[in-house]
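*Asks:* The chain contents come next:
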Amino acid sequence: MKLIKKIKIPRVYIYGIDVIKNFLFFTLYIIITLITIAFIIAPSIKTFKKNQALYFETKQNYLYIKTQYNQTLKELNELKKQNTHILTAFRREFDIQNFKKFASSFMQIEKIKKDKTSVYKQNFIKTIYYINANIKSPQDFYNFADALKKYKYVIRVYFPIDFEKNKNSIELKLKIEHYRLKNLNALKAEEKAH
Amino acid sequence: MRVYSFKIPKKKPIFKEDTKLWLIFIAISLLLYISFSLFLTFKAYILKKETKELNKKAYELKLKTMQLNEEKEFIYIQKSVFENIMIKNDLTKQQIKNLLDLIPDPITLEKFYIDKNKLTIYGITPTKDVYNLLMLPPLESIFEKTVTTFYKLPNGWYRFKSQNYIQSEENETY
Numbered sequence: 256m257k258l259i260k261k262i263k264i265p266r267v268y269i270y271g272i273d274v275i276k277n278f279l280f281f282t283l284y285i286i287i288t289l290i291t292i293a294f295i296i297a298p299s300i301k302t303f304k305k306n307q308a309l310y311f312e313t314k315q316n317y318l319y320i321k322t323q324y325n326q327t328l329k330e331l332n333e334l335k336k337q338n339t340h341i342l343t344a345f346r347r348e349f350d351i352q353n354f355k356k357f358a359s360s361f362m363q364i365e366k367i368k369k370d371k372t373s374v375y376k377q378n379f380i381k382t383i384y385y386i387n388a389n390i391k392s393p394q395d396f397y398n399f400a401d402a403l404k405k406y407k408y409v410i411r412v413y414f415p416i417d418f419e420k421n422k423n424s425i426e427l428k429l430k431i432e433h434y435r436l437k438n439l440n441a442l443k444a445e446e447k448a449h
Numbered sequence: 158m159r160v161y162s163f164k165i166p167k168k169k170p171i172f173k174e175d176t177k178l179w180l181i182f183i184a185i186s187l188l189l190y191i192s193f194s195l196f197l198t199f200k201a202y203i204l205k206k207e208t209k210e211l212n213k214k215a216y217e218l219k220l221k222t223m224q225l226n227e228e229k230e231f232i233y234i235q236k237s238v239f240e241n242i243m244i245k246n247d248l249t250k251q252q253i254k255n256l257l258d259l260i261p262d263p264i265t266l267e268k269f270y271i272d273k274n275k276l277t278i279y280g281i282t283p284t285k286d287v288y289n290l291l292m293l294p295p296l297e298s299i300f301e302k303t304v305t306t307f308y309k310l311p312n313g314w315y316r317f318k319s320q321n322y323i324q325s326e327e328n329e330t331y
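In order, the protein sequence lines correspond to chains A and B. Heads up, the first sequence is in my numbering, so the first residue is 256 and it goes up one at a time. Heads up, the second sequence is in my numbering, so the first residue is 158 and it goes up one at a time.
Keep in mind that the hints were calculated from the coordinates and are not lab data. In this text the structure is predicted, and so the values were computed from the model without any measurement. Think of the CB as a built atom: it goes at the ideal place given N, C-alpha and C, for glycine as much as any other residue. Worth double-checking, as some hints may not be accurate.
Stated by the list, open to error - Sample of chain B residues facing chain A (criterion: CB under 7 Å; computed from the structure): (1) I185; (2) S194; (3) L204; (4) L220; (5) T222; (6) K236; (7) K245; (8) D272.
Next comes chain A alone, as it looks inside the complex:
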């Protein structure tokens, strides 16, 4: 205390301004500024910069994923558009009356008998039908097989096939297989979700 009391700060005045006091205050201001920058502002800037960099990186990544998603969605819609016939054909339940109407252009159906149903390639259901019919010529059968390509159901003509000549017609016995998707309800729910 004695030492402090011994230190005498000289008082220098220029135009009535205490130069030493102002200098000390200025020094104090500089010190406070430096301390604030070092311990408060600099860490804030660092955190901000770090978060900003991370944000831009994430945003870039998000935009890339979004572009990919849009691209995939576009491709999917295009694919659906191109294959509408196939996709709807697989979703339809088989209607015997409709089939009779369709086949009547090529043959006279006497009898259709439903046989067993089984799972085909995990996602499909195959139902077998046996048909007894009359055709005028083999050409009717060829036309029938060709018309199946554009038919609303997915039908495969399969063996055994039996051709027997009658007086004015050919008696035809054949097996057809109807294919549809296995889980129609799940698919409908999935379609609604999109």
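The hints should help you fit chain B onto chain A, whose structure is shown.
*Replies:* Chain B alone, transformed into the frame defined by chain A:
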């Protein structure tokens, strides 16, 4: 003893004017520094929050993209199954067409039965030689085993039953 002065006493302030100015200046500066720092912290917090949200959105989009890809795959599967079925229909049609083209003019076809590995033909031939010369060779070239039975008709022609087999299980045609 009382002391009297000719001057009127003035109130002496704790801080002089210039000291007050310095203190206010330093206080305002400090306030500005802290405000700036708080602003940056708040901005950083907002950015962090937005980054989190973007990450969440990106994850959801990734999942959706995966679902879309699965859907695409499934469409390709359906397309492939459909095309396969149509190709097989074409093959079946072609096989029957080929079989009917195989029958020579003198022979009359009455009935035929095609299964996966078997073809049975019923018909009428004027002579056994006509059958053996015109129909048997192509059948033998296609099938591994051919068995033919003839029944003589009252007019001298023959009714025949030709049974043809393929052993291979892969070939689901004749």
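*Asks:* With reference to the structure, classify each hint as holding or not holding.
*Replies:* Results of checking the hints against the structure:
no. : hint : in the structure
1   : I185 : violated (11 Å)
2   : S194 : holds (4 Å)
3   : L204 : holds (4 Å)
4   : L220 : violated (10 Å)
5   : T222 : holds (5 Å)
6   : K236 : holds (6 Å)
7   : K245 : holds (6 Å)
8   : D272 : holds (4 Å)
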